[in-house]
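The primary structure of each chain is shown beneath.
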Amino acid sequence: MSVLDVTRPDVVPPPVERRLLRRLWRHPSGRWGLLLGAALLLFAALGAVWTPYAPDVPDYANALKGPSLAHPFGTDATGRDMFSRVMNGAHRSIGAAMLVLAAVFAIGLVLGTLAGLAGGLTDTVVMRVADVAMALPGLVLAFAVLGLLGPGFVNLLVALIVADWAWYARLSRSLSLDARQRPHVIAAQMAGIPRWRIVLGHILPGVALQVGIVATLALGSMIGAISGFSFLGLGVQPPAAEWGALLAESRLFFALAPWLLLAPAWMIFLSVLAANLVGNALRDVASPGEA
Amino acid sequence: MDPVLACQNLSVTFHSGATPVRDISFTVAPGECLALVGGSGAGKSTIAKALVGLHRNGTKVSGSLRLGGRQMVGADRATWRQVRGRQIGFVAQNPWASCDPLRAVGDHVAEAWRCHDLTMSWRGIAARLDKLGVSDAGRRIAQHPHTWSGGMLQRASIAAAGALVPPLLIADEPTSALDADRAEAVMTALRSLGSAVVLISHDIGLVLRHADRVGVLHDGGLVEESTPEALQSAPAHPATRHLLAALAPLPPRRAPAPAAPVLRMAGVSALYDKGRLPAVVDADLEVVAGRIVGVQGPSGCGKSTLLRLAMGIETPTGGTVWRDDALKRPGAILPVFQDPVGSLVPHWPVWRSVAEPLTAPGRPRASAAQRRERVAAALARVGLGGIDPEARPSELSVGQCQRVALARATIAAPAMIVADEPTSALDSPSTWRVSKLLRDAAENGTAVLVVSHDSGFLARLADDVVGMEAGRTRGPIRAAPR
Numbered sequence: 001m002s003v004l005d006v007t008r009p010d011v012v013p014p015p016v017e018r019r020l021l022r023r024l025w026r027h028p029s030g031r032w033g034l035l036l037g038a039a040l041l042l043f044a045a046l047g048a049v050w051t052p053y054a055p056d057v058p059d060y061a062n063a064l065k066g067p068s069l070a071h072p073f074g075t076d077a078t079g080r081d082m083f084s085r086v087m088n089g090a091h092r093s094i095g096a097a098m099l100v101l102a103a104v105f106a107i108g109l110v111l112g113t114l115a116g117l118a119g120g121l122t123d124t125v126v127m128r129v130a131d132v133a134m135a136l137p138g139l140v141l142a143f144a145v146l147g148l149l150g151p152g153f154v155n156l157l158v159a160l161i162v163a164d165w166a167w168y169a170r171l172s173r174s175l176s177l178d179a180r181q182r183p184h185v186i187a188a189q190m191a192g193i194p195r196w197r198i199v200l201g202h203i204l205p206g207v208a209l210q211v212g213i214v215a216t217l218a219l220g221s222m223i224g225a226i227s228g229f230s231f232l233g234l235g236v237q238p239p240a241a242e243w244g245a246l247l248a249e250s251r252l253f254f255a256l257a258p259w260l261l262l263a264p265a266w267m268i269f270l271s272v273l274a275a276n277l278v279g280n281a282l283r284d285v286a287s288p289g290e291a
Numbered sequence: 001m002d003p004v005l006a007c008q009n010l011s012v013t014f015h016s017g018a019t020p021v022r023d024i025s026f027t028v029a030p031g032e033c034l035a036l037v038g039g040s041g042a043g044k045s046t047i048a049k050a051l052v053g054l055h056r057n058g059t060k061v062s063g064s065l066r067l068g069g070r071q072m073v074g075a076d077r078a079t080w081r082q083v084r085g086r087q088i089g090f091v092a093q094n095p096w097a098s099c100d101p102l103r104a105v106g107d108h109v110a111e112a113w114r115c116h117d118l119t120m121s122w123r124g125i126a127a128r129l130d131k132l133g134v135s136d137a138g139r140r141i142a143q144h145p146h147t148w149s150g151g152m153l154q155r156a157s158i159a160a161a162g163a164l165v166p167p168l169l170i171a172d173e174p175t176s177a178l179d180a181d182r183a184e185a186v187m188t189a190l191r192s193l194g195s196a197v198v199l200i201s202h203d204i205g206l207v208l209r210h211a212d213r214v215g216v217l218h219d220g221g222l223v224e225e226s227t228p229e230a231l232q233s234a235p236a237h238p239a240t241r242h243l244l245a246a247l248a249p250l251p252p253r254r255a256p257a258p259a260a261p262v263l264r265m266a267g268v269s270a271l272y273d274k275g276r277l278p279a280v281v282d283a284d285l286e287v288v289a290g291r292i293v294g295v296q297g298p299s300g301c302g303k304s305t306l307l308r309l310a311m312g313i314e315t316p317t318g319g320t321v322w323r324d325d326a327l328k329r330p331g332a333i334l335p336v337f338q339d340p341v342g343s344l345v346p347h348w349p350v351w352r353s354v355a356e357p358l359t360a361p362g363r364p365r366a367s368a369a370q371r372r373e374r375v376a377a378a379l380a381r382v383g384l385g386g387i388d389p390e391a392r393p394s395e396l397s398v399g400q401c402q403r404v405a406l407a408r409a410t411i412a413a414p415a416m417i418v419a420d421e422p423t424s425a426l427d428s429p430s431t432w433r434v435s436k437l438l439r440d441a442a443e444n445g446t447a448v449l450v451v452s453h454d455s456g457f458l459a460r461l462a463d464d465v466v467g468m469e470a471g472r473t474r475g476p477i478r479a480a481p482r
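Chains as they are written, first to last, in the numbering used here: chain A, 1 to 291; chain B, 1 to 482.
Treat each hint with caution, since some may be false.
Stated by the list, open to error - In silico lysine to any residue, SDA-like type, Cα no more than 25 Å apart, as pairs:
1. B:Lys328 / A:Pro183
2. B:Lys274 / A:Arg197
3. B:Lys274 / A:Gly119
4. B:Lys436 / B:Gly385
5. B:Lys328 / A:Arg197
6. B:Lys328 / A:Leu121
Read the hints as simulated data drawn from the structure, not as lab findings.
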């Protein structure tokens with residue numbers, strides 16, 4: 001029985017990188033996404049505290065100047081430095097998108113998992129409310145909430161959360177229903193592990209990872225949505241800078257100063273790109289069996 | 001006579017630079033069955049794909065591959081399309097995966113003619129299926145694949161592969177999705193066409209029974225080639241000996257000491273949907289400490305439900321389940337499942353999954369260091385002392401995962417282990433090891449309840465075997481003396 005002796009140790013598999021961030025870094029698109037995302041976050045953080053010029057103070061003598069060394073992105077109709085405004089607006093655009101996604105992720109994860117695991121009345125109530133939220137197209141629902149609350153940045157965020165949470169709740173519910181049936185969950189039940197520990201240790205991490213990947217992939221469209229609402233004047237109110245709002249302002253002077261549109265448009269494009277690169281890489285490295 | 005297939009120094013190089021198949025040479029004479037056998041990672045599937053030209057553009061196939069005198073290395077897609085079906089037929093592993101669920105089985109078989117602009121009447125197709133042992137073929141070919149059993153559907157695949165009477169059939173694990181009893185019938189059907197067969201399989205027992213010559217693959221190379229008899233009597237390569245060892249009987253069973261039953265089910269029923277769906281009807285079962293009880297029956301006969309009733313995660317709608325006091329504390333019954341990878345927490349290091357039963361409330365508290373020590377001992381017992389306890393399940397093989405699951409099931413000294421098809425996802429050496437470990441658990445006084453469709457596996461492993469059919473148990477089929 002030398003060959004099959006059960007106590008004969010197996011060959012040791014080669015070490016594998018297990019930390020998610022490192023694996024993301026090794027993924028080609030993940031690395032570029034992380035670098036780009038880090039650069040954008042740094043840019044946004046810096047823009048919140050310091051800009052080369054005051055972003056909100058008009059300087060009528062220098063209105064609608066083209067790009068130059070002093071004003072790399074030019075100046076707008078009231079002479080405000082466009083670079084400073086793009087920089088100052090970054091934390092609103094990126095921060096708001098991340099805030100909304102963090103909120104819908106958390107609300108959806110908690111409500112969806114609760115509905116899936118508790119079942120019964122809780123499930124019925126949560127899911128029927130979610131059905132109502134999902135029955136209305138997201139933008140229409142957001143418009144309706146903004147109509148009730150009035151335009152404004154905080155109200156915009158609330159509107160987007162109301163419009164989006166139900167999708168994440170549905171996803172979390174079906175993932176947790178599936179996870180509840182997994183053999184490792186049944187094994188833990190049989191071992192006498194209390195319910196709350198099974199939920200926190202076995203079910204939630206797996207569901208959160210899957211839902212988190214979906215949320216990361218949605219970051220791009222969320223930045224677009226926030227910019228879109230600000231473009232329509234329903235989000236950030238003047239004179240505060242935000243990329244969508246900057247696009248809306250610049251649009252009026254398109255014939256005179258077309259470069260004004262380019263800067264915020266590029267920033268939106270780059271942040272959508274970074275989010276999608278990271279989201280795609282995350283989906284690749286986190287999928288089980290891929291190791 | 002000229003060989004139908006002659007491989008000379010065949011190598012396959014992936015785009016990544018890996019060469020899963022290196023310098024393989026063999027020939028197949030008309031009507032002969034050559035089996036290529038090997039463990040996982042030996043390069044079996046890569047060869048199968050190379051033989052039918054299914055590798056994608058990034059993969060380089062080099063050497064020589066002569067099919068009926070025609071050189072196929074470097075052949076373009078149009079040439080391969082001409083050859084497939086006429087010169088070479090292919091039978092894939094999973095018959096359901098090779099069928100479109102929305103089309104009738106007859107359509108699938110007819111496709112073999114249609115793709116070469118030929119026609120075949122359904123009556124003709126039915127006759128072919130009939131010859132392969134599909135009963136009532138004329139009526140059944142109009143049905144959809146999901147209404148067919150795996151064994152029958154695999155015969156339909158064989159009929160399609162042999163439609164144009166190619167001189168050579170390639171069969172890649174044709175029976176691994178099937179029950180053991182059906183596998184034999186499918187192999188007989190495969191040989192009955194009279195074509196030469198290249199059979200690719202991990203199942204050395206099957207190969208020895210059905211092949212004329214056997215080649216052993218190991219690590220991408222052909223390490224030994226011989227007749228089944230010669231291979232069995234004088235295996236030359238360690239890889240061959242490793243494969244053959246899985247056929248060895250388990251070491252003789254120490255007679256179980258007489259002991260009292262720990263679980264007794266009498267007249268137990270589980271009816272779903274207000275009695276319209278009986279899963280288990282009037283079942284009787286007795287499990288004794290230190291003995292292995294097997295429940296044997298075909299898929300869908302209610303075995304798994306019976307197991308869940310025994311575990312207590314389902315309540316019967318009728319009858320009584322009596323459990324000994326030893327089975328009433330939490331953690332006294334621990335399960336082993338059919339899906340080894342899914343039975344471990346995917347985002348946990350394996351040591352944490354193994355240690356989990358130790359952390360249940362009511363158990364003596366153990367420090368993290370003590371737990372790790374006990375995990376190390378438990379992993380060593382199942383032969384996994386060499387793996388990194390920090391490894392995630394996805395880094396281990398399926399067989400290793402099942403042994404980790406066994407380490408978890410035994411670490412907290414349960415009174416009973418229940419196992420649901422514990423070996424159906426495993427290759428023969430892993431099956432042997434898992435059987436041995438279940439046997440060890442019983443010899444240490446644990447009651448073991450195993451359900452399986454595989455009569456051979458249960459005959460080797462269990463002390464008593466109970467049959468089950470359509471939800472009803474049929475007395476002990478076989479019982480060891482007490």
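Going down the list of hints, with the structure as the test:
no.: 1; hint: B:Lys328 / A:Pro183; result: holds, 21 Å
no.: 2; hint: B:Lys274 / A:Arg197; result: violated, 34 Å
no.: 3; hint: B:Lys274 / A:Gly119; result: holds, 21 Å
no.: 4; hint: B:Lys436 / B:Gly385; result: holds, 17 Å
no.: 5; hint: B:Lys328 / A:Arg197; result: holds, 21 Å
no.: 6; hint: B:Lys328 / A:Leu121; result: violated, 31 Å
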